Amino acid sequence: MVASKPGKRKEASVLNRVKSRVVSSPYLPPLAAFLALFLTWELAVRLFKIQPVTLPAPSSVFYEFATSIGFYLPHTGVTLFEALAGFFLGTAVAIVAGIFMAHSPLLERTLLPIAVLANVTPIIAIAPLFILWFGFDALPKILIAAIITFFPMLINSITGFRSIDGNHLEYMQSLHASKWEIFFKLRLPNSLPYLFSAARTCVSLSVMGAVVGEWSGSTEGLGNVIMMSSNYLQTERMFSAIFMLAIMGILLTNIVRFIERKVLFWHAMGGDRD
Amino acid sequence: MTEALRDIHLELAQGTFVSLIGPSGCGKSTLLRIVGGLADVDRGEVTIGGLSPLEAQSRKQFGFVPQSPALFPWRTVLENMNLPFEVNVRGNSAAKLVEREDPVELLKSVGLGDFVNAYAKELSGGMQQRVGIARAFGSGAPILLMDEPFSALDEITREKISYQLLDIWESHQKTVLFVTHSLREAVLLSDKVVVMSARPGRVAAVIDIGLPRPRRAQIEDTDEFHQYVAEIRGYLRDEWKSS
Numbered sequence: 001m002v003a004s005k006p007g008k009r010k011e012a013s014v015l016n017r018v019k020s021r022v023v024s025s026p027y028l029p030p031l032a033a034f035l036a037l038f039l040t041w042e043l044a045v046r047l048f049k050i051q052p053v054t055l056p057a058p059s060s061v062f063y064e065f066a067t068s069i070g071f072y073l074p075h076t077g078v079t080l081f082e083a084l085a086g087f088f089l090g091t092a093v094a095i096v097a098g099i100f101m102a103h104s105p106l107l108e109r110t111l112l113p114i115a116v117l118a119n120v121t122p123i124i125a126i127a128p129l130f131i132l133w134f135g136f137d138a139l140p141k142i143l144i145a146a147i148i149t150f151f152p153m154l155i156n157s158i159t160g161f162r163s164i165d166g167n168h169l170e171y172m173q174s175l176h177a178s179k180w181e182i183f184f185k186l187r188l189p190n191s192l193p194y195l196f197s198a199a200r201t202c203v204s205l206s207v208m209g210a211v212v213g214e215w216s217g218s219t220e221g222l223g224n225v226i227m228m229s230s231n232y233l234q235t236e237r238m239f240s241a242i243f244m245l246a247i248m249g250i251l252l253t254n255i256v257r258f259i260e261r262k263v264l265f266w267h268a269m270g271g272d273r274d
Numbered sequence: 275m276t277e278a279l280r281d282i283h284l285e286l287a288q289g290t291f292v293s294l295i296g297p298s299g300c301g302k303s304t305l306l307r308i309v310g311g312l313a314d315v316d317r318g319e320v321t322i323g324g325l326s327p328l329e330a331q332s333r334k335q336f337g338f339v340p341q342s343p344a345l346f347p348w349r350t351v352l353e354n355m356n357l358p359f360e361v362n363v364r365g366n367s368a369a370k371l372v373e374r375e376d377p378v379e380l381l382k383s384v385g386l387g388d389f390v391n392a393y394a395k396e397l398s399g400g401m402q403q404r405v406g407i408a409r410a411f412g413s414g415a416p417i418l419l420m421d422e423p424f425s426a427l428d429e430i431t432r433e434k435i436s437y438q439l440l441d442i443w444e445s446h447q448k449t450v451l452f453v454t455h456s457l458r459e460a461v462l463l464s465d466k467v468v469v470m471s472a473r474p475g476r477v478a479a480v481i482d483i484g485l486p487r488p489r490r491a492q493i494e495d496t497d498e499f500h501q502y503v504a505e506i507r508g509y510l511r512d513e514w515k516s517s
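Keeping their order, the protein sequence lines are chains Z and H. Following the numbering used here, the numbering of the first sequence begins with 1 at its first residue and continues without gaps. Following the numbering used here, the numbering of the second sequence begins with 275 at its first residue and continues without gaps.
This is chain Z alone, in the form it adopts within the complex (with noise of 0.2 Å):
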């Protein structure tokens, strides 16, 4: 009796340690809720007997896209391409316009107003304009992806310009810093926090511009395999599309963030020393 004490302490302690890191691992419980929801959602398919058109179970997606890999993933390199090419293309002139404006604040007034114009106009009621003035290619969708990118990374671009620290600014000039040598040195690299928090969310709208623009007018793409299913009440390939979709997101925000950490090393670095 005595004996098995320890060992048991010992089980309990192995049960406690796993149970504490299953709790604080960052990808367990959301992988246990995204099971959770699958199981709950295949089950009442089943149970309901719900028309696989109206809402087909997961398994059978998951059937449809494991055996139709072929088919989805040109598609899904289309849309890659107009998003990425629509991100990297707003991002650049919107750093660029940035620049400008933050050394400038008569330039920032005159033509803010236009970006925020641009900005408040639903990007959908755009689509349609774009694909008659560009055509049914890949260009309006890059262009439709630039637009919905530009705002955010515009104004976190002129903010992160300007926040600089007094100081830091001050210094700069007493070592007689050119302009360029001060943005260069000083202003670029204190702007990258927020050019990096405005990427995160842009590179996954950027997605949503390709999609909206692939609605509008595309032979290609997965918005058009989504637009053509509907059409054909291919609910399972909808499914598959829009599933094809989420994951593109999701590995977009997070390339993101693992560059950010990377370039970003001295920003997170917390813990004063005394």
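Read the hints as simulated data drawn from the structure, not as lab findings. Please note that the accuracy of each hint is not assured.
[As the list claims (entries may be wrong)] A partial selection of chain H residues facing chain Z, derived with a Cβ cut-off under 10 Å:
#: 1; residue: L357
#: 2; residue: P358
#: 3; residue: N366
[As the list claims (entries may be wrong)] Per the computed footprint, the stretches of chain Z lying under chain H, defined by three or more beta-carbons under 8 Å from a beta-carbon of chain H, are:
#: 4; segment: 154-168
#: 5; segment: 173-185
Please read all numbers here as calculations on a predicted model, not as lab measurements. Cβ atoms here follow ideal geometry from the backbone N, Cα and C, with glycine treated the same way.
Following the hints, position chain H against chain Z.
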């Protein structure tokens, strides 16, 4: 616009340590900034070896130590030390003449030899300000402008760093203009203390500190030291009475 400074006539000899002391709002930081080319004067003239403040600034004559250490958080301590050599150097003949001191040796002399590759956030406030001071001494500039560099630090850290500044200055003999609120620091460090009065800022008195050099911490226990402190306090008291 209010007048910040009036009738300031001061001369700083090369290689001396001069403190500016006075009540808040007496314009001592403004005066420091005018000398360093960071603020303009409406009337009057400031020359640094025959140059205007901005000319002197462009010829890398100044090492500035602001109130907060002004270390860039994305740079290591060593990279921050190198900043003065990356800025305003292209096509600058004066920059080539600047003698460069080993930054690691300088960091060792202020007790930060182990933190060469650390980032600012990993250092305490006192350590950061020591980097700021080492950077100014290592910048090759002959004139150092220090704007209350210890004001954000606790009393104990402050005292320790003032001895380190004393040591590093006595081995370099650069010209230092040092703005402070502390009578003790002014007397300990300076060859000359300029007492200023407020609104508008004027020079109330200039006191030569005749304490022998090299100075050590023990000098603070001498009667002479206390007499100097009392003398400066007397001038400051007169200012309070008259205002």
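Run through the hints listed earlier and report the numbers of any the structure violates, in increasing order.
none
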